[in-house]
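Mind docking chain Z on chain A? Use the hints.
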Amino acid sequence: MNLEINSSRPSARRLWTNRVATAGMAVAVALALIPVGLILYYITKNGLAAMSWGFLTEPTPFTFRRPGGGFLNGLIGTAIMVALATAASVPLGILAAIYLEEYGKRGWLAQLVRFFSDVMTGVPSVFVGLFVYTAFVLPFGFGAIMGAGALAIIMLPIVIRSAEEMLKLVPLELKHASFALGASKSQTVLRVVLPSALPGITTGVLLAVARAAGETAPLILTALGSLKVTTALIGEPISALPLLIFDGARNPFAAGQERAWAGALELLALVLIFTLLARIVAARSKISR
Amino acid sequence: MQSQAKPLGDIAGGIAPVPIENRKGVGRRADSLFSVVAALSGSLVLLILAFMVLSTTNTALPIFRAEGISFVTSSDWHPANGDYGILAFIYGTLVTSAIALVIAVPISLGIAIYLVEVAPRWIKGPITYLVDLLAAVPSVVYGLWGVFVLLPLFLQPAAELLSSVLGFIPIFAGPPSGLSYFGAGVVLAVMIVPIISALSREIIQTVPDDDRYAAYALGATRWEMIRGAVLPRGRAGIVGAVMLGLGRALGETIAVALLVGSATTINTSVVRPGYSMAAVIANQFQEASGDHIKALVAVGVVLFAITIIVNIGARLIVWRMAD
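Chains as they are written, first to last, in my numbering: chain A, 478 to 766; chain Z, 170 to 492.
Isolated chain A, as found in the complex:
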């Protein structure tokens, strides 16, 4: 190899390669930021144009052609199903995380659960919908419970893995202090470890809620959608914001598409509020990522 010790600077070609590579990275960042800007701009612009008090408080009219009306049926459906899914997945997810971090540790069962929770976050949400359809909708019919079940399955692995990360960060000294005071293991876990990890766990839960609120595909197969405002949990189809947006995007009439834009703004606002809350909680807590 021929070393040129006297040349203190890299050759012009190498410097240019370096510059081109740096410029390439800047282009990559710009290419990713363009869609961010386009999405926020058009959802806000087209959404605000169609947004009104009536949109928030009235159900969807029976034909896409008719202007007016709104997505109240979807808003209520989304609220019910996401609330039920949260109520089911959060306690189970936190218990599972406690098992992984405090009991199972590096044992084979814990490793298996960890691995398949990760794999489960990658299962297509439409497949989760198909599962709930074949197992529960076929015998019991479409309904809010079915949709909530599908959303809960989607939320569960997210809650488990984020809660486990937070439990890991609880200082060992806290546990030792609790044991030294004579607390049993379950007392320590429930009254010392869990409360100190709670803000971090809340962050994970809020992100899971944001994800569930935006899911469409599993709800097509489980909640089906409805133009009626309903609070029935079982026995009749129910709507959700994403379902109504999907229908609006597929139809050729201007009135239906305008409602879809307003619905997209409503949904995006909800999702971003939960994401923002998650960040605020995370920033305020000592134990978080």
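It is worth saying that the hints were derived from the structure and are not from the lab.
A few chain A residues facing chain Z, derived, Cβ under 8 Å:
1) Ile516
2) Ile637
3) Ile722
4) Leu749
Straight-line C-alpha distance at most 30 Å; calculated BS3-like pairs for lysine-lysine:
5) Lys645(A) <-> Lys293(Z)
6) Lys463(Z) <-> Lys705(A)
7) Lys645(A) <-> Lys582(A)
8) Lys293(Z) <-> Lys522(A)
For each residue, glycine too, the CB sits at the ideal point set by N, CA and C.
Structure of chain Z alone, referenced to chain A:
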């Protein structure tokens, strides 16, 4: 990373002769009850996954039996005649995901490398936040935006440009349509950029600074340092990140359903309409009945099998990196 906790029994055993875990009484019983409940909740994930596979496969079984291997080797999909061949959908899923990767991987890696190696401190936070924002947008919002904004603004003109310049190559042959494998692939790319870039960023951050200093000490420019020291170290992890993005693209439903053009035949040209497995389930479910629904469930089972293989592969790679 915090070091692994020592089992408390060891620590207590060093101080007191009786290990804490051997205590008797009410507390002990509550303890074991609690640990059993926790273990059951943990195992729930495994039970749900198993139940998912069993229930869907069981429903789809008549279709698998009737169609045999032609279910995945035929592209003859005519529910009215009872013909269920899903090759066109498998093809569409693979093609749209491949297009998404071709676009998203260089962009994601560019972002990740820029944020770790190049960006000044003040700009890192805002860029990270904005790219993460892409991950929070629901797929139905991507679909709506894709159809009514990106389609006239970019997808249709780009498809026309591709086929007029490169139309002599069969995969870009016209007549071009924005509602196509290409259109769906572009929107998928936007959706997976935040996933791949966030994971690659974490991996690149774990490359020790000593490696960077060593490359600089040898006279490397920054790019040579990145190519010679950073990327080889992070290669396995980046492959894992890309596979997780691929897993997401394969299973993505609503945005593809709105943008892929809904043609049930195989089109060799990427600027022609097609279909994907997830999209056909979402689009045809509401009007389907009887065997047609069972066939859609069967499509889901095949989709699940493909994504689970990709995901397990990705997780194994990422897990090995972490250990």
